[in-house]
Each structure stands twice: as C-alpha cells, then as structure tokens.
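Trainee: Assemble the whole structure, with the sequences as input and the hints as a guide.
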Amino acid sequence: MINKEQFLAKSDLNPEGCEETIQSHTERLLQLLDDFKECNESRVSTGNLELIAQAAYYHDLGKMNTAFQSFIYQQKGETPPMELNKSPIYGRLGIRDIPHGFLSAAFVPSEWYKSQGSCGKDDLKVLITAICRHHNRDIQPDRIGERNGIIRSVSEEDLKPIAAVYDETLKVRNNTIYDMLATSNNDNLPRLWTRYAIVKGLLNKLDYAASAYEGVTEMPASDAEENVKKHFERQGYVLNPCQAYAKSVSGKNTVITASTGMGKTEAALLWIGKRKGFYTLPFKVSLNAIYKRIKDNNYYPEYSTILLHSGALEFLANEEAEQDQSFESAVKKYENAKQLSFPLTVCTIDQLFAFAYRAKGSELIAATLSYSALVIDEIQSYSPDIVAKLLYGLELLHKLGGIFMIMTATLPPFIADALSAKDIPFDRPAPFFTQTVRHRVTLKDGDFNYEEITAAALNKQVLVLCNTVSKAVEVYKKIAESTDKVNLLHSRFIAADRAKKELDITSLTKDKTKHGIWIATQLVEASLDIDFDILYTEMSTADSLIQRMGRCFRGRAYSAEAPNIIVYNTKNTAGGRIYDNEIYDRSVKYLSEYTEKPFTEADKQAYIEQVFATDGIKKTEYYKRFENTYRVMSEMDSAYFDASEARRRLRGIEDTICVIPFNLHEEAYQITQEIDKLTSKINALSRLSAKLPQKDQAAMRNISYLKRCKSDYIRTLRRLTVSVNRYSRGLSLSKKEPIYDCYFSNNYYSNVTGLDAVGETGEFI
Numbered sequence: 001m002i003n004k005e006q007f008l009a010k011s012d013l014n015p016e017g018c019e020e021t022i023q024s025h026t027e028r029l030l031q032l033l034d035d036f037k038e039c040n041e042s043r044v045s046t047g048n049l050e051l052i053a054q055a056a057y058y059h060d061l062g063k064m065n066t067a068f069q070s071f072i073y074q075q076k077g078e079t080p081p082m083e084l085n086k087s088p089i090y091g092r093l094g095i096r097d098i099p100h101g102f103l104s105a106a107f108v109p110s111e112w113y114k115s116q117g118s119c120g121k122d123d124l125k126v127l128i129t130a131i132c133r134h135h136n137r138d139i140q141p142d143r144i145g146e147r148n149g150i151i152r153s154v155s156e157e158d159l160k161p162i163a164a165v166y167d168e169t170l171k172v173r174n175n176t177i178y179d180m181l182a183t184s185n186n187d188n189l190p191r192l193w194t195r196y197a198i199v200k201g202l203l204n205k206l207d208y209a210a211s212a213y214e215g216v217t218e219m220p221a222s223d224a225e226e227n228v229k230k231h232f233e234r235q236g237y238v239l240n241p242c243q244a245y246a247k248s249v250s251g252k253n254t255v256i257t258a259s260t261g262m263g264k265t266e267a268a269l270l271w272i273g274k275r276k277g278f279y280t281l282p283f284k285v286s287l288n289a290i291y292k293r294i295k296d297n298n299y300y301p302e303y304s305t306i307l308l309h310s311g312a313l314e315f316l317a318n319e320e321a322e323q324d325q326s327f328e329s330a331v332k333k334y335e336n337a338k339q340l341s342f343p344l345t346v347c348t349i350d351q352l353f354a355f356a357y358r359a360k361g362s363e364l365i366a367a368t369l370s371y372s373a374l375v376i377d378e379i380q381s382y383s384p385d386i387v388a389k390l391l392y393g394l395e396l397l398h399k400l401g402g403i404f405m406i407m408t409a410t411l412p413p414f415i416a417d418a419l420s421a422k423d424i425p426f427d428r429p430a431p432f433f434t435q436t437v438r439h440r441v442t443l444k445d446g447d448f449n450y451e452e453i454t455a456a457a458l459n460k461q462v463l464v465l466c467n468t469v470s471k472a473v474e475v476y477k478k479i480a481e482s483t484d485k486v487n488l489l490h491s492r493f494i495a496a497d498r499a500k501k502e503l504d505i506t507s508l509t510k511d512k513t514k515h516g517i518w519i520a521t522q523l524v525e526a527s528l529d530i531d532f533d534i535l536y537t538e539m540s541t542a543d544s545l546i547q548r549m550g551r552c553f554r555g556r557a558y559s560a561e562a563p564n565i566i567v568y569n570t571k572n573t574a575g576g577r578i579y580d581n582e583i584y585d586r587s588v589k590y591l592s593e594y595t596e597k598p599f600t601e602a603d604k605q606a607y608i609e610q611v612f613a614t615d616g617i618k619k620t621e622y623y624k625r626f627e628n629t630y631r632v633m634s635e636m637d638s639a640y641f642d643a644s645e646a647r648r649r650l651r652g653i654e655d656t657i658c659v660i661p662f663n664l665h666e667e668a669y670q671i672t673q674e675i676d677k678l679t680s681k682i683n684a685l686s687r688l689s690a691k692l693p694q695k696d697q698a699a700m701r702n703i704s705y706l707k708r709c710k711s712d713y714i715r716t717l718r719r720l721t722v723s724v725n726r727y728s729r730g731l732s733l734s735k736k737e738p739i740y741d742c743y744f745s746n747n748y749y750s751n752v753t754g755l756d757a758v759g760e761t762g763e764f765i
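Take 1 as the starting number for the sequence shown in the working numbering and just add one per residue.
Do not take every clue at face value.
Claimed, not checked - The calculated BS3-like cross-link candidates involving lysine-lysine, where the alpha carbons are at most 30 Å apart (straight line), are:
no., residue 1, residue 2
1, LYS589, LYS618
2, LYS681, LYS10
3, LYS10, LYS710
4, LYS171, LYS160
5, LYS571, LYS477
6, LYS284, LYS710
7, LYS229, LYS171
8, LYS510, LYS284
9, LYS399, LYS247
10, LYS247, LYS284
11, LYS37, LYS338
12, LYS500, LYS295
Said to hold, decoys possible - Simulated restraints on C-beta separations:
no., residue 1, residue 2, range
13, ASN702, ASP642, 26 to 36 Å
14, ILE95, SER750, 54 to 64 Å
15, GLN435, LYS477, 37 to 47 Å
Calculated from the structure, these hints are not laboratory results. Glycine included, every Cβ here is placed at the ideal spot set by N, Cα and C.
Mentor: As structure tokens, then:
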C-alpha cells in the first residue's frame, strides 16, 4: 500500500538528501507565504491572500497522476510502485500526458467561493486559471470543449482513484472552466487579469523560492528615507525643495520635473521610503553609475540593492570578485534579482514592462509591482511608441495597486495629458529648476564648419554629435585630415572596442588639462557621464537636442558671450527614420526664440512644451505612433506573447541581432570550439553525477567551474560582436543561423571607423 511520501514532486533530492514529495513542497510554499505576509500583508488584500493560499495548496496536487509519477521514478532510475504505473487511459486518448496544473485544478471545489465572504464566482475563475497556468504551458488540442473533455477523462480514470489513496478527503470536481485565458473573447478578461496576475504571480514567486531551497520570496525591507536622511546628516546637507516635496508625497503617484544636479536620485529614494522599490533608467551605463552611487552612500544596507539588466551578471561577477566572492555568489544574487526579491532593484524597463503586454510569464512582475514603488527616470529619452507602452503599463500598475514616480529634466506635456485622460491620479508640483545658466545656443544652416571645430580643439574639449553613423564617419574622416586629436564613437563598434572608447571619452572630460575632439552619435546623449567645453551638433528633435546639451557644461555655470552650443540645421533625419520630420521642423521653428542669449533650465522646459504641446502635435505621425501603440496595447489579448517576446517588442528590438565582422571570423571560430569542448565536458559530468545516489559535491564543483569558464568564453565571443538590425541596408550575413546567438557577416571591421557597409549604395543608419 502506497502512502503520501511516495508521491514525488521532482526527481532531485533536496539539500538534506531527502526526496521532495508533493506534500513537503506544498508545505514549504505555505510557510513561505506566511513569511511573505509578515512583510507585505498590509499591501496585499485579504481576498488575494486567501486566493494565493488556495492556489499554493492545490497547485501541485495534479502531479499525483500516474504519467507524471512514472516519469519521475524513471528519472531516478527506479521502478514506480505498482499503483503508480502509467494508466492505459493516455494510450487510448493518444496523448503522452497532461500538464499537471490542469489536473491540479480539477480538485478545486466549484462551490468554494460560496463559503468565502470576500470572494465571488469570478474569483473561482482566477484561482483555477492561476493553478492551470502556473507553469505557462498550454495544452493541446486548443479547442476548449475537446481539451476539457480530455481533462475530465483523465481525471475520472486516473486521478480520481489515485487521489483516494493520497488523501481520502480530496475530491475530483471536474470544473467546467479550466482556463479563462483560453477564451480570447471573454469580456471579463481585462477586468479579471490584474487579480489573476497577482494570484498567479505570487504563486510563481513562492514556487520558485521553494524549488530553489535556498531561495527567498522577499528580502527584509529597508527604510530608504531614513538612510538618505542619515547620509545627509553625516555630510551636513539639507533637503532641497525637490527632495522635500518627494518625501512629502511618499505613497502617492507623482510626476516631477527637476533640473540635472537637483539630487533626483535621493528624491526618488525618499519617495520610495519603506516600500519595495524599482528604479529604472534607459541606459545600462547610467544604471551602473546609479547603482554604485546608492551603494557607496549606504542608502540601503549591504545586499539590499541589486542591479538587473542584460549585462548585470557580468557586472555583479566582477563586483563579487573584488570582494573575494565566488562566481556562484554572483549567480545566486542574479537569480534572486530575476525573481525580484531585493528591497531595491535598479534596472532597465525591459526587465519590468513585459507585464504591460499581459504576457505569459510576466505575472510575477505584475504581482510584485502591485505592492511596490516604481521610479521611471528620464522618460523623455524614450520613443513615442515606448512611452505609450510605459503609460499603458502605469495604467495597469494603478489597477494592480502599485505606485509610480516619473522624474525628468524636461517633460513633454502630452505625457501628463495622457495620464490625466486615463483618470490615473498623480500629483505634479511646479518644476524645480536650478538658476545656474549652463548654455548659450546658436543655430546655423548647412554643414559643420570643420576649420572652426579643429581650431576650437587647440584649447578646448570638443564634442561633435551627428544624427547617423554614416554622417559621423564622414565628419571623422574630414577632421582627421587636419588633426590626429580626434576619435570616433558610435554603435557600429564591436563591444570590446566600444567599451574602451566609452572609457576613453569619459576619462578625457575628467581631465580639463587635455584637449581634443570626439565625434559621436546620439549614443552618448544620456548614457555617459561626460562634460565637454563646447558642443557642435546636427539639429535633432527638441528632446534629443536638450539631452545633447547635457553633455556640455554638465555641472558648470557658463557666462561667456560666445555660444557653447552650435547647432547646424543639416535636415539629416534619415528620411524620418531617425527623427520624425514634423517634430524636427517644430523643433527648428521654436529653437530660434532661444538663440544668441542665455538658455536657462526654465527656457528648456518652455521649449519642450512648445514643441510637444498636445494640441500642436496631434496630427503628426509622431503622435499617431503614440496613440496607435497605446490602442494596440489596450486591445491586445492577454497571454498573446510570452515574456521574452514581450521584452523584445518593448524596445522594438525583435529584429536586432549580434554580428561578427568578416575579419574576426577566425578568432570567433576558435572561441566557439572552446565553448563546444566545455559543453561536452559539462554534459558528461552531469550524466555521471545523475547516476550517483546523492549529488557528488566534487562533481558539482567541477561542473560549476566549467560553467563559469563557458560563460567567460561566451562573453568573450560577444565582445567581438556588433548589434545591428537584421534588415539594415548594407548588412550581409555569411551564415543565416546564429552560433551562440551570434551571426557571422561579410562586412569588414575597423577599430577606427567601425563596421563597414557592403556595396556602393549600402549604408548603416
């Protein structure tokens, strides 16, 4: 006779060397839920907590089916008890198995909601769907009636007799609604999705932590407000008006406009206070700097702050190595970061806003944000379609129960108007502007004055910004004819060279005894901490132009009569592909009002408001992109994409690929051979380890070491790549399939000018 201890949840032994049963795994989830309540009960409704508890109790009971149990025992190299041999029902139905979540839902009493005073029939749909979908798996065939018929058949013939052995109090109910997300025309779905996301997302969070054994659902909270105040006291600082305001509206949605240098980072932390926080910026380099600043100033206790973006693991590994910590320590921190377990996460929007698509697998994000405080810094840096996705995400965030802060040096007015139109409440104080004048602008028609630029570099640090890579290369070649104190930076350099160039350009501006010229594209508009003496730039749209000005006299007052911002109206919008032509023309028109005189911080906001006034841009293609994207987001079916696809679409990078230039192929192939060798060794050791009765610690250490070596080689390979759009003009791929996510191209590469185009008419924008 079998008992509960013979119903296994997984084939691996737990850290104590014991088998992981369905019962022990469920008990761990419920204990983690109790721990979670101690930290966040006041920010998650009683009704949702009850649903989560029910989901945790039922979510894995379907694993007792004989197909699953037979498979687990076979994985362990053991024969299952006779009662757990795979039932013949699967063969008769022509199916291998059924995802256990759908079978688990069969146990939920259909009348359960009637006994819950705070719950209704819709909550039953939410609960059942969260259990069915907790592993983001669909079931075939997709036709609902036939699918549910299969579930009922398996439940009756296989699950029902097994359940009686497992626990005689369990009853197979055969619910009629197994999966509300399968019905795309469900009118209640938009209304129910936010609650479903909270229940399913927190179930996932508990499940991941329980399965990781050493994982945590939430780390102990911190008080950012108190820590910032302590730092200010140590330094003899007082809160400025921006920071004092942010502190006063903690717990509320707010939109703040404040000049660079007003301590917006500290303002954001004061606003976050005791809540769980997320701090987002558009660029990884900026995030790395903010993360370091927060840690260096002890705004959060050690190991309470984490960095999360596509390159975060490498950054964290280097950070751990500096403290004599292992690579495994960095991996553990990174894995907990991906589960959003830290009190403060500094990240790109890519890591969070997949939930705005209501994507499969993004519910954990939505659930975590429902009791968190979200900061979006520098929102003006995003394109109109990304802004639309962000604002739709904020609409969902408000419904989920989370709060947000938008911070920016210059706010396009249509953003605040759009929030108001959606009835999203937020406070918006008068802008906080510094009185320091940093810029004086002049506007000229035509191309750059190359002689003037070269002459300025004799005693100044000169930055020249171009709208396209091809224009930047052209300008570099012309200036290089008359001086060797010139460098070039754009997005078509391989990662290794680009990193060195970013370090070089930053180092130059920190030493004002050095002079020279850097030619760059909009790549440097907001991502690098640079401070040049004079800026020569092609005209761009107003938002981009203000960002460019921030690379010159960044924190210094400018009192000279001669302009330090020289703008050339070259009309280089790349046919509207880089900058919207109508917004460009409006930017030129209104800039003329601010030339040949001090350009104050208040002037910059006034300029932005003129260019991006909602009534003024409503008929432009720019605003149509914003409106159309918002409409598509709001009308999209839930679970239409998975989370990884949503992340790609969020930034519009679904067509971005990494290419290895032709003259680097041999070096790249040598690296891929080393990766292949390591992969073979890892697989061989893993197979050997799996045959042992318990995990062999020496073998596991060797596997971990080999994985670290493999990761290092993969990072080395990617340092030879250039990120491009696969449909870029002038790009020629020599292999149509990637190797370790890297494509090989026919394009040659120079560490001076970057990746070359192929053909006489080919061009990279």
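Trainee: Look at each hint and say if it fits the structure.
Mentor: Against the structure, the hints:
1. Distance hint between LYS589 and LYS618 is fulfilled; the C-alpha atoms sit about 17 Å from each other, no more than 30 Å.
2. At roughly 25 Å between alpha-carbon atoms, LYS681 and LYS10 fall within 30 Å of each other, so this suggested pair holds.
3. Taking the CA atoms of LYS10 and LYS710, the gap is about 28 Å. The hint holds against a cut of 30 Å.
4. The hinted pair formed by LYS171 and LYS160 meets the criterion: a straight-line CA distance of about 7 Å does not exceed 30 Å.
5. Between LYS571 and LYS477 the alpha-carbon distance is near 21 Å, which keeps this suggested pair within the 30 Å criterion.
6. Straight-line distance between C-alpha atoms of LYS284 and LYS710 comes to about 24 Å, which keeps the hinted pair within the 30 Å bound.
7. In summary, the hint linking LYS229 to LYS171 is not supported, as the alpha carbons are separated by about 57 Å, beyond the 30 Å threshold.
8. Taking the CA atoms of LYS510 and LYS284, the gap is about 20 Å. The hint holds against a cut of 30 Å.
9. Using a Cα cut-off of 30 Å, the hinted pair LYS399 and LYS247 holds, with the two alpha carbons roughly 23 Å apart.
10. Restraint check: the Cα-Cα separation between LYS247 and LYS284 comes to about 27 Å, which is no more than 30 Å; the hinted pair holds.
11. At roughly 21 Å between alpha-carbon atoms, LYS37 and LYS338 fall within 30 Å of each other, so this suggested pair holds.
12. The hinted pair formed by LYS500 and LYS295 meets the criterion: a straight-line CA distance of about 25 Å does not exceed 30 Å.
13. With their beta carbons about 34 Å apart, ASN702 and ASP642 fall inside the hinted range of 26 to 36 Å.
14. For the hinted restraint 54 to 64 Å between ILE95 and SER750, the CB-CB distance of approximately 57 Å keeps it satisfied.
15. The supplied range of 37 to 47 Å is met by GLN435 and LYS477, whose beta-carbon atoms lie about 42 Å from each other.
Checked against the numbered hints given earlier, this structure breaks only hint 7.
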